[in-house]
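Asker: Sequences listed follow chains A, B and C, in order.
Residue numbers are given in the numbering used here: position 260 of the first sequence equals residue 260, and the series is strictly consecutive.
Residue numbers are given in the numbering used here: position 69 of the second sequence equals residue 69, and the series is strictly consecutive.
Residue numbers are given in the numbering used here: position 236 of the third sequence equals residue 236, and the series is strictly consecutive.
Be a bit skeptical, because a hint or two may be false.
Which copy is meant is left open, so a pair is good if it fits within one copy or across any two.
Using 25 Å as the maximum straight-line C-alpha spacing, the simulated DSS-like pairs for lysine-lysine come out as follows [to be verified]: (1) 32 - 231; (2) 231 - 83; (3) 40 - 274; (4) 66 - 154; (5) 83 - 40; (6) 249 - 65; (7) 249 - 175; (8) 208 - 66; (9) 249 - 32; (10) 175 - 83; (11) 8 - 243; (12) 298 - 231; (13) 298 - 154; (14) 66 - 83; (15) 246 - 29; (16) 249 - 8; (17) 83 - 249; (18) 298 - 83; (19) 29 - 8; (20) 40 - 246; (21) 231 - 175.
It is worth saying that the hints were derived from the structure and are not from the lab.
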Amino acid sequence: MSETMTMKHLLSVEALTIDEIHALIRRAKEFKHGENVTLKRQVFASNLFFENSTRTHRSFEMAQKKLGMGVIQFEPSTSSVNKGETLYDTVLTMAAIGVEVMVIRHPQDEYYADLLHLPVSIINGGDGRGQHPTQCLLDLMTIHEEFGTFEGLKVAILGDIRYSRVARSNAMVLKRLGATVLFAGPEFWYDEAFDAFGTRVDVDEVIKEADVVMLLRVQHERHAGDESFSKESYHAQYGLTNKRWKTMKPGAILMHPAPVNRDVELADALVEAKNSRIVRQMENGVFIRMAVLEAILKGRGVL
Amino acid sequence: MSETMTMKHLLSVEALTIDEIHALIRRAKEFKHGENVTLKRQVFASNLFFENSTRTHRSFEMAQKKLGMGVIQFEPSTSSVNKGETLYDTVLTMAAIGVEVMVIRHPQDEYYADLLHLPVSIINGGDGRGQHPTQCLLDLMTIHEEFGTFEGLKVAILGDIRYSRVARSNAMVLKRLGATVLFAGPEFWYDEAFDAFGTRVDVDEVIKEADVVMLLRVQHERHAGDESFSKESYHAQYGLTNKRWKTMKPGAILMHPAPVNRDVELADALVEAKNSRIVRQMENGVFIRMAVLEAILKGRGVL
Amino acid sequence: MSETMTMKHLLSVEALTIDEIHALIRRAKEFKHGENVTLKRQVFASNLFFENSTRTHRSFEMAQKKLGMGVIQFEPSTSSVNKGETLYDTVLTMAAIGVEVMVIRHPQDEYYADLLHLPVSIINGGDGRGQHPTQCLLDLMTIHEEFGTFEGLKVAILGDIRYSRVARSNAMVLKRLGATVLFAGPEFWYDEAFDAFGTRVDVDEVIKEADVVMLLRVQHERHAGDESFSKESYHAQYGLTNKRWKTMKPGAILMHPAPVNRDVELADALVEAKNSRIVRQMENGVFIRMAVLEAILKGRGVL
């Protein structure tokens, strides 16, 4: 077993050092190869998802149960949130009844700002258009598993960059880790703030060059109305078509945080293509979350 | 402990041999008498119900927990299904995060057709108007528990035969097992395809003759509008009224898959009548599901 | 470990003797200080909440899991309740599949009346405008923890007295336990039936006098339309404003069953004031529920 770190909360990847990121990836790989831990006492987690989720929600539940934690279910639609209870009071309540670790996804950016003094560890499962740190970490783990390093890799991030809570975190941290980041996609979904982390290039060019083609989800639910093209035309202009896929470098991989819009971001058949790591990303998600939870449990004296 | 079988999926009762059916019933009875097993490692199930359910859903959850399996909750209404994710991609995701056994109920007939290559065992919890194999098996177990055999029994199936996912499976398998099957109920809810498995007879006659009176649920939610009678007139014409019930043979039992429409399929007081096995069916459901899960876990090398 | 009592159901606090109440509080304190029990066999609970809840629902789930019980999830909105299944048949079903303890919250007063012969223990988690016995017990525990006795205490109950399922139970039992009960709040939310348990007094006076200021929630969801004042004017007239709070006696505490309407029943900042026991009440809720569950498990021979 490699050395493990300790953590109080996980709110963003920016707060982690390069060494901490490497330590989490290393531990996640060990969990993937069957290692596990023994808790010193019962400890309970709860997953408070105020936005739809299958992968992140259930992946955390799996990680918690694999570590032997108790999981207290929480469902906003049947909770006191319907009586007007605020997020603060909901977290206060869950902490009072003995939940020590909460994974929270909430539509408000930095929803966690006023929660951090409560006697609970918070893992950000997605805040508005902000961060989604465990998605970022599982992407990093998947890249590292493939290439053994980040140094010198060309990583292309394609699509809905402006509104994605994956794009900015990934771009920032990949740059810190020594990769070259390239962006492509519709101009009105780009944001010049991203110039700090990488270069904007043509879709067809970048797919030929990249070691990692990272597709972002077109989030229909977040920008209904401001799309100027149909699914078909998005696919043709910016998607990973079969034709573009054939131009990828030998050894290059494709990634997507899922859920995938098949035949929009990528051609249907490519989801399970040989060089697709989409399923692998979901697998790795459980193990990176075990590593994050372990660091938090260590911080709470449970390990 | 009797010999146990192995299974990859359970999609329909038709796929089981007579010996396999008897083996499952035998094991279910052993579980009912307190036997249990020890899993070689942690193994996780998830129950994906895209249609309402209390009995089937919670009975599977109970069976899984009694066997020591972990259960990952899944709720379509708060999942990525709301972002347009397909059943295929949902199952792919749950498999990727480490769920090995999935019980699925879905409104589409044979929803499972394109899922069978995924690295997961699927138990059909009801597909459209198709099959509901564990309901069939628990009915068989309940009959066998009562009579010790199927040979020579007269089993009457009454009611909404055409639209039921219980009627066809039960009729087919009961015939294979040596029972005589009789049908009664409204003509427009009958289907001539059933002539292959039994005989259509008069309601009043069949209730006097049958060893097992198996009532089917009037599924208001599946055929709103095409009913040509009120609840009262259905009950009077085709229901098990108190009067008809008194004509049942000594030793004959009544069954219903539930939920019951009281005073429609049968008179309110008969649900818990001495010869009603409705509660027994629900009890047996847990044990037959344990037997099915055991066969699947054995197939996966967990037992 | 102190002596423990046994119980079949917990429907109301009125059914408990003074000794039983003290025994439950004593055991709850022992659980709070880390004591636990070992079950003789697997035993399953289910929490059937037909009204919104965070605290009560999840606090019971926590108590069950801390005691090592299995918890079968139940969600009315995806259950057969949607096919017209009654509460009776739902409970019958859950009992048949092996759930031995059910916590039920239901909008109908005394919903449990026809359920008591079923082979299951029922804990009332709130019936219509009736009772909410574990809320009452956790309030008593919190008072006892503070003062070591009920004798001679002045307890003020403020607010929506008529419609609260906390007010009547608390008033009756506090009187039995030797406390003096005082009521204040809007006249049209008062009910003369309460004259039997205490005295109606002026808000400003009672806050100065009371050892315990027990605020009741304004239940917007229960009496939309019949409110003759805004939130601001309720707060000004009957709420615990900062100004009134400053007039509380030294050593006096404030309580609220939560969820709190901040700046209505009490000023926002007072929720976590030094003399607020609102968080403590939620903490104690888990332990008092463990004590109640223990008494029921003892009654069922599981302990």
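Asker: Output the numbers, in ascending order, of every earlier hint that fails for this structure.
Answerer: 1, 3, 4, 5, 6, 8, 9, 10, 11, 12, 13, 14, 15, 16, 17, 18, 20, 21
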